[in-house]
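Chains as they are written, first to last, in the numbering used here: chain G, 38 to 354; chain S, 38 to 354; chain L, 38 to 354; chain Y, 38 to 354; chain E, 38 to 354; chain V, 38 to 354.
Calculated from the structure, these hints are not laboratory results. Please read all numbers here as calculations on a predicted model, not as lab measurements. Each hint should be verified, as a subset may be incorrect.
Note that the list lumps identical chains together, so a pair holds whenever it fits in one copy or between two copies.
BS3-like, lysine-lysine: derived pairs with alpha carbons at most 27 Å apart [said to hold, decoys possible]:
id, residue 1, residue 2
1, K337, K275
2, K337, K321
3, K305, K337
4, K322, K43
5, K213, K321
6, K275, K325
7, K305, K321
8, K43, K325
9, K321, K241
Next come the chains, spelled out residue by residue.
6 protein chains.
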Amino acid sequence: MFYHSKELQYKARVSRPDARFARLMLEQFGGANGELSASMQYFLQAFACHNPYPEKYDMLMDIATEELGHLEIVGATIQMLLTGATGNLKEVAERGPIFEEEFSKEDFIHAGFANNPQFGVVSGGGPIFSNSNGFPWQATYINANGDLTVDLRSNLASESRAKITYEYLMQFTDDKYVLDTLNFLMAREVAHYQQFEAALEGIKPNFPPGIYQCDPRYTSFYSNNSTDEQPVRAAWNKGRSTQLDEEWNYMGDPRREVLRTQGLTELKAEGSPRTPSSVEAHDKKLGKRRAEEIRSSTPKGEQCWCDYDEEREPVEA
Amino acid sequence: MFYHSKELQYKARVSRPDARFARLMLEQFGGANGELSASMQYFLQAFACHNPYPEKYDMLMDIATEELGHLEIVGATIQMLLTGATGNLKEVAERGPIFEEEFSKEDFIHAGFANNPQFGVVSGGGPIFSNSNGFPWQATYINANGDLTVDLRSNLASESRAKITYEYLMQFTDDKYVLDTLNFLMAREVAHYQQFEAALEGIKPNFPPGIYQCDPRYTSFYSNNSTDEQPVRAAWNKGRSTQLDEEWNYMGDPRREVLRTQGLTELKAEGSPRTPSSVEAHDKKLGKRRAEEIRSSTPKGEQCWCDYDEEREPVEA
Amino acid sequence: MFYHSKELQYKARVSRPDARFARLMLEQFGGANGELSASMQYFLQAFACHNPYPEKYDMLMDIATEELGHLEIVGATIQMLLTGATGNLKEVAERGPIFEEEFSKEDFIHAGFANNPQFGVVSGGGPIFSNSNGFPWQATYINANGDLTVDLRSNLASESRAKITYEYLMQFTDDKYVLDTLNFLMAREVAHYQQFEAALEGIKPNFPPGIYQCDPRYTSFYSNNSTDEQPVRAAWNKGRSTQLDEEWNYMGDPRREVLRTQGLTELKAEGSPRTPSSVEAHDKKLGKRRAEEIRSSTPKGEQCWCDYDEEREPVEA
Amino acid sequence: MFYHSKELQYKARVSRPDARFARLMLEQFGGANGELSASMQYFLQAFACHNPYPEKYDMLMDIATEELGHLEIVGATIQMLLTGATGNLKEVAERGPIFEEEFSKEDFIHAGFANNPQFGVVSGGGPIFSNSNGFPWQATYINANGDLTVDLRSNLASESRAKITYEYLMQFTDDKYVLDTLNFLMAREVAHYQQFEAALEGIKPNFPPGIYQCDPRYTSFYSNNSTDEQPVRAAWNKGRSTQLDEEWNYMGDPRREVLRTQGLTELKAEGSPRTPSSVEAHDKKLGKRRAEEIRSSTPKGEQCWCDYDEEREPVEA
Amino acid sequence: MFYHSKELQYKARVSRPDARFARLMLEQFGGANGELSASMQYFLQAFACHNPYPEKYDMLMDIATEELGHLEIVGATIQMLLTGATGNLKEVAERGPIFEEEFSKEDFIHAGFANNPQFGVVSGGGPIFSNSNGFPWQATYINANGDLTVDLRSNLASESRAKITYEYLMQFTDDKYVLDTLNFLMAREVAHYQQFEAALEGIKPNFPPGIYQCDPRYTSFYSNNSTDEQPVRAAWNKGRSTQLDEEWNYMGDPRREVLRTQGLTELKAEGSPRTPSSVEAHDKKLGKRRAEEIRSSTPKGEQCWCDYDEEREPVEA
Amino acid sequence: MFYHSKELQYKARVSRPDARFARLMLEQFGGANGELSASMQYFLQAFACHNPYPEKYDMLMDIATEELGHLEIVGATIQMLLTGATGNLKEVAERGPIFEEEFSKEDFIHAGFANNPQFGVVSGGGPIFSNSNGFPWQATYINANGDLTVDLRSNLASESRAKITYEYLMQFTDDKYVLDTLNFLMAREVAHYQQFEAALEGIKPNFPPGIYQCDPRYTSFYSNNSTDEQPVRAAWNKGRSTQLDEEWNYMGDPRREVLRTQGLTELKAEGSPRTPSSVEAHDKKLGKRRAEEIRSSTPKGEQCWCDYDEEREPVEA
């Protein structure tokens with residue numbers, strides 16, 4: 038169950054109307070890396086944790102709920118940046134200015150509505166759930182795969198993209214109040230990143246993500262698919278791999294290697310501390326353990342999501 | 038700012054796993070008329086009311102927030118209907134049953150994952166933000182047009198569609214716990230419908246939606262675009278219109294009429310109590326009034342969304 | 038079967054080319070609340086009425102067909118607003134003006150194609166089935182749910198949104214001919230609204246939409262999900278509800294209530310004239326009646342959509 | 038302006054309800070190559086022809102209008118294939134059969150709604166504007182590029198795809214009435230194909246599509262991007278090209294050629310009857326001619342789409 | 038398996054940064070008729086040819102692979118047109134120019150990012166997989182129907198649209214280097230068109246596309262769905278049809294004809310050299326032949342896509 | 038420029054046709070986390086690296102190109118799993134089996150095409166660029182943000198999701214050849230993960246992603262948005278943060294804190310080694326450095342993407 042308070046988490050202000058920057062800010066309202074994406078992604082991931090990992094559930098729901106509040110901050114800022122529009126659209130008999138201190142309706146007849154016409158002809162001067170190009174938000178932006186070693190990594194990436202989007206946005210306004218708000222929201226992405234990272238580090242093992250440890254013959258070669266004279270040799274294709282500690286097998290001419298090994302089916306594993314049987318044993322053991330964590334927390338037969346213990350005092354919000 | 042409590046608003050339960058009904062329930066999770074649509078629609082509409090109509094803002098945010106809780110109920114139910122799947126997907130070395138008491142992995146090899154394969158290969162046994170056909174949720178489902186006489190009507194329609202969807206869903210399960218939950222959620226749509234209706238009735242005038250009263254020549258004719266011998270004459274094309282109280286002008290042969298009147302430009306208004314000048318006067322007056330309601334509630338220049346009055350005691354959630 | 042005549046229903050004219058307003062008008066061509074949406078929504082809803090409610094079928098098809106004609110008017114206007122573009126794009130060896138009296142190709146090299154580049158590089162100077170932001174029309178915009186008490190309410194909302202969109206559009210042009218056309222199209226939405234309303238009023242009962250009358254315990258409470266000191270009490274949460282005439286049960290602290298009633302499962306109905314058994318009886322009776330209306334109009338076994346009675350004289354269009 | 042008659046162009050019938058085939062037929066209702074796509078594509082293309090090429094406009098509108106009627110035939114067939122569903126969904130107190138002679142509600146509880154759950158929980162037993170996988174129709178399916186030498190070729194391809202879709206559909210039903218209808222609709226695609234082809238043949242020159250004749254150095258080489266020992270040499274890379282009658286220049290080793298010619302900038306044209314100056318002259322002349330065709334048919338300044346000549350007798354539909 | 042070389046097929050250059058034209062060029066990067074569409078369409082069609090038509094497979098893969106290289110050329114050009122942006126976005130403490138020789142950050146605060154804000158706030162100064170209106174590329178743009186007589190026709194249309202898009206783009210830049218590149222890419226579409234045409238001509242019979250020859254009663258009439266006094270009679274509705282050589286049966290009043298023939302079920306074929314039995318015999322024979330071509334090339338039971346013959350020398354790229 | 042060889046990188050085989058698993062495998066062909074997404078994401082990211090970070094460009098293009106080959110492997114496997122379909126769809130006069138050893142056409146009339154009807158009525162028995170639910174691939178799946186510290190993190194997440202998808206797929210087939218192929222492809226994701234990780238580790242500093250170091254007041258608090266009696270305290274909200282090494286400031290009652298600090302504007306930073314001025318200095322320095330890396334590698338004025346040095350010998354593929 039959710040509650041709402043009328044105060045925003047951060048004191049969002051704007052110095053003056055600015056429809057153009059309102060358009061840019063849509064990127065964090067209804068865009069791929071915006072606050073709706075963040076909130077809905079963590080909310081969705083939380084369902085699978087509810088029984089087996091209640092402390093991760095708590096964290097995911099805390100952050101999902103905070104992000105909803107950020108969505109509200111972004112929306113409120115867009116609404117304030119469009120101040121003047123809604124009222125003036127109502128006064129149908131007048132051709133006065135659309136924004137305080139800014140454009141007249143006459144200007145708009147020739148200029149369009151500050152490049153996002155839907156502020157004028159759809160939302161009537163408020164935010165829209167689309168990105169800065171007018172593309173509506175969609176759930177393809179979010180990821181939840183029922184495995185925390187995957188989901189938390191998805192979140193590290195999501196927070197990184199949200200952070201850079203705020204960084205870029207800050208290059209396009211000089212309204213100091215708006216910059217303050219962007220500064221706050223950007224910093225929160227960095228906080229969340231570290232929270233997700235701490236949670237991931239607390240899961241052992243967490244690599245490879247999921248259960249299967251994967252075939253050492255195929256985890257350890259680099260395929261040089263470029264036809265260059267002077268191939269690049271660097272940390273990602275020489276020395277040992279970052280996590281599995283296998284020696285990189287550099288295939289300079291992949292086609293020759295593919296022909297030689299019957300489509301890699303006869304490739305030999307070398308330079309790996311892992312063997313097929315060690316991998317298989319690990320897969321079995323880890324699979325059993327994870328399955329057990331989940332099963333033991335879920336009653337058989339009839340299910341109920343939560344209890345309602347009246348003794349517990351309702352806590353203050 | 039939002040908060041979350043761990044208890045669901047309604048005590049959601051399931052009697053047994055049922056992946057097929059989980060698939061159908063997606064319609065209310067990530068479908069066009071589902072709870073995410075409802076919640077985001079009212080949340081989005083609320084921004085434009087924040088300053089001028091704070092009591093409508095309160096109502097929209099209350100219902101938006103309650104619907105978020107309904108989204109959680111639907112998601113929790115889907116998660117419970119998929120009980121068994123997540124754990125069994127982890128136990129990679131086994132080919133045991135996927136759901137408690139139900140299908141074995143062997144069955145699934147041949148049957149797919151109860152018709153929504155993404156429960157198996159994407160979400161790993163949890164809900165997905167798509168409809169029952171796997172189409173991801175998108176913001177095209179929601180409407181907010183910066184005018185309460187329009188937005189509240191959009192909401193009446195949305196609640197009607199949500200209600201019928203629950204009604205249909207109830208035909209496809211016999212799990213009494215799930216039926217109880219659907220019964221609860223369906224009834225809430227009917228409550229919300231009446232709440233929105235009361236709010237619309239409190240706005241005077243509210244028809245036509247928006248400001249313009251519209252040209253009486255064109256509001257009062259019915260165009261019979263069917264080539265039938267025995268045209269239907271009924272309440273929608275004879276007698277007087279429901280709101281503007283104009284006599285219906287029935288055009289039995291629209292093309293003849295269009296030719297006769299130079300593309301309707303020479304059509305005469307008849308049977309209407311309204312005249313061009315009464316309409317124009319009304320437009321001006323109403324436009325001025327609505328504009329004033331909005332402008333008077335919005336400070337000029339620098340804007341701040343809310344205040345933070347420490348004297349006020351935080352209220353209990 | 039459909040026919041087409043070369044005359045537009047309304048005498049659409051433009052005073053001069055105006056690519057910017059052409060872009061805005063796309064909102065009513067390929068936008069969510071535009072004429073294609075309206076036409077296809079009523080056309081789709083009509084199928085379910087064909088057998089049981091032929092007079093509603095006639096009305097839905099009349100309006101769907103008229104809206105197709107409106108789509109044509111909007112498209113023709115866009116085409117005229119882009120006058121000059123198509124021809125000039127053909128004259129590849131010249132860098133003359135793109136629009137009559139307006140921009141030169143040189144201007145366009147620096148300015149883009151009046152903000153919708155696809156007029157230049159995709160449609161070659163004609164309309165596009167997308168909204169004013171270039172997002173293609175999609176069938177997610179339309180609703181048809183196989184129940185007239187729902188579908189007609191969807192239509193009231195659709196007409197309201199279409200009306201406000203024309204109202205907004207009129208703020209962004211001063212071409213008197215275009216304003217005339219918008220004025221005509223806007224007024225027709227108001228006519229259709231009242232036609233659908235008359236049809237809905239003719240169905241008894243029509244609330245709640247669908248069959249189920251819904252649980253009186255859950256139709257009559259208001260959930261205050263805001264943490265405010267001074268909750269708003271108004272027509273939507275005090276007194277009696279608009280349709281079911283139940284006393285509003287105001288839950289000021291929903292979480293406390295939820296805990297007290299075991300997730301609302303132990304909530305008592307109060308202040309309602311309806312009882313569980315009266316509701317159940319009503320559900321059965323209404324369900325039977327509606328089912329009978331549909332079944333009795335549909336032959337068993339082999340089906341044929343219509344007959345071809347040569348005796349009937351073909352009517353004039 | 039459009040009209041509608043109650044009779045379908047073809048006498049659509051079904052032998053019995055069949056929800057599974059109804060799902061397949063959606064491909065021609067709301068699918069990429071279905072009747073809505075066809076109708077809207079020709080309708081959209083027609084706008085650009087209205088002034089300069091009225092006879093092509095007539096053909097495009099005739100076929101667009103006929104295709105609308107085909108859309109109606111497909112929708113009517115789907116509605117008939119779902120006979121029984123709508124009525125039974127209304128009878129909420131019963132768990133009788135959903136379809137006449139077919140599935141019981143009990144079956145559906147376990148089986149889903151014949152694989153397209155939206156027939157059950159969204160449309161209430163009617164057609165949906167989506168394809169056989171439930172993906173909503175969208176305007177990305179259609180093409181109109183403001184040039185008949187392109188548009189008519191798009192139509193040849195569209196008709197080909199529509200034809201093969203009907204051919205495939207016929208493999209999946211044995212209902213003789215449905216087969217008759219598919220047989221009719223499939224044949225019409227073949228008729229339309231030839232109509233569009235005749236129109237294209239009447240335009241001279243029509244290749245290359247558009248105006249530019251294109252650089253002979255680059256129209257006449259074949260790039261063998263495969264690393265094969267025995268390259269395929271066939272009509273598409275040896276002898277002369279089909280339309281421009283140039284000798285194919287076969288590049289067996291494109292990278293070597295690219296290096297040799299400074300990224301093809303120094304490639305020489307050979308084997309072509311065309312020269313840079315003949316091409317340029319042709320471009321200029323053709324561009325001028327096409328521009329003139331368009332300009333001469335379009336008045337300058339104020340525009341009106343059509344006239345309304347009352348003398349003309351309305352023709353019979 | 039694919040390889041990449043660092044050299045572009047064509048020596049792409051730009052004279053100076055130009056964010057506006059970069060936006061237009063997106064149409065060929067992530068637009069409906071752009072290079073990604075072309076490449077993926079031919080790649081997808083190739084799978085069905087792999088066994089039965091290896092020489093067509095070779096051609097489709099050659100062109101698909103070349104188009105990938107064109108995608109790279111377009112992307113590289115966009116990247117160069119945005120020169121200056123990425124670096125300047127990094128220098129967060131400065132408000133210097135965004136592009137070399139062009140706009141300052143201050144300009145952008147007021148002007149948005151050259152109309153595609155995502156160049157600024159999403160891609161950080163690089164290409165985006167969307168069209169010129171910011172709509173993301175999607176696979177609905179491409180067609181593959183498992184039949185070469187259809188697929189090759191789809192390709193003729195695709196190449197035609199790609200050609201006209203380049204033609205239009207050339208009207209909007211005067212950068213001679215960019216024009217050179219567009220000139221090259223446009224000419225290649227014309228080359229590919231002729232390659233596909235040659236391949237289609239080599240398939241006999243290739244009309245109607247697919248197997249079914251279609252009912253002569255329905256392939257040979259023209260339906261005049263316009264209510265015009267002076268119907269257009271032209272090559273597409275008089276004389277004989279282009280491919281099947283049937284006499285066009287002109288239905289001037291389709292509704293009368295439909296009523297007369299019981300919904301066309303009693304229509305007689307006239308003027309066709311084809312008869313029902315000749316058609317049926319043809320269908321059977323052609324179906325058998327095509328099925329045999331496919332079956333004979335595909336082993337029964339276990340399948341392997343290709344062999345790895347080490348004897349064969351790897352060829353030079 | 039790209040090349041193709043006819044051999045797949047891995048020797049893909051199938052034991053027998055299996056349309057149901059073909060449907061599941063679509064998830065890795067046209068699904069969000071499939072091979073097309075991976076390939077296009079790295080390809081897109083590479084453009085921004087081309088000048089300043091050529092060794093990262095090489096890595097990104099190598100992996101993008103390898104992933105294209107994986108897309109081909111997945112497509113080939115789907116094609117083989119559908120063996121029998123294409124041929125049988127051609128033999129229109131027969132109602133024999135659709136798949137070798139499997140279903141007859143009669144079965145399909147009642148069962149649909151193994152749950153993905155488009156294999157039957159669209160692709161004619163080949164792969165489709167959509168996911169396992171029939172939703173077409175779209176570019177919203179991919180991310181490229183012009184900053185390697187962000188892009189490489191996006192890639193770590195993408196590889197994690199691709200890996201788990203293969204892991205899940207392996208639970209749904211028992212065809213040992215298909216399992217071999219999945220095993221290979223899954224392992225490659227783990228290899229790529231480590232390659233991207235090594236690249237990220239080589240960039241210093243790489244946290245926070247982008248340039249801005251962010252406000253220490255806001256990077257270091259945890260907001261407990263849950264109304265729980267016993268809040269969870271764990272590594273993500275106590276002790277020090279993972280990267281910036283700041284002491285977590287736990288806000289147990291965020292609303293109280295928000296009111297106390299005027300919407301957090303008066304919050305004090307505590308427990309951080311960083312100060313506003315240290316942060317600002319760092320931002321400036323890092324911004325300058327990154328900008329310089331990019332600028333110094335990009336010539337001013339005219340640009341050319343690559344050179345064509347004929348002296349260099351073409352290398353073997």
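(request) Tell me, please, which holds for K322 and K43 at an alpha-carbon limit of 27 Å: within, between, both or neither? (result) neither (50 Å within a copy, 33 Å between copies)
(request) Up to 27 Å between alpha-carbons, please classify K305 paired with K337: within, between, both or neither. (result) Neither. Shortest intra-copy (45 Å) and inter-copy (31 Å) distances fail the 27 Å Cα cut-off.
(message) If the cut is 27 Å between Cα atoms, do K305 and K321 qualify within a copy, between copies, both or neither?
(response) within (23 Å within a copy, 50 Å between copies)
(message) Treating 27 Å as the Cα threshold, decide for K213 and K321: within, between, both or neither.
(response) Classified as between: cross-chain Cα gap 18 Å, same-chain 57 Å, threshold 27 Å.
(message) Treating 27 Å as the Cα threshold, decide for K275 and K325: within, between, both or neither.
(response) Close neither inside one copy (35 Å) nor across copies (31 Å); limit 27 Å.
(message) Within a copy, between copies, both or neither: which one fits K321 and K241 at a CA-CA cutoff of 27 Å?
(response) Within one copy, since 15 Å is at most 27 Å while 38 Å is not.
(request) Measure nothing new, just compare the shortest in-copy and cross-copy C-alpha distances for K337 and K321 to 27 Å and report within, between, both or neither. (result) For K337 and K321, the Cα distance is within 27 Å only inside one copy (23 Å; across copies 36 Å).
(request) Could you figure out if K337 and K275 sit no more than 27 Å apart (CA to CA) within one copy, between two copies, both or neither? (result) This pair counts as neither: shortest intra-copy Cα distance 50 Å, inter-copy 35 Å.
(request) Check K43 against K325 for me: Cα-Cα at most 27 Å, and say if that holds within a copy, between copies, both or neither. (result) The answer is neither: 47 Å in one copy and 29 Å across copies each exceed 27 Å.
Comparing the model with each earlier hint shows violations of hints 1, 3, 4, 6 and 8; every other hint is respected.
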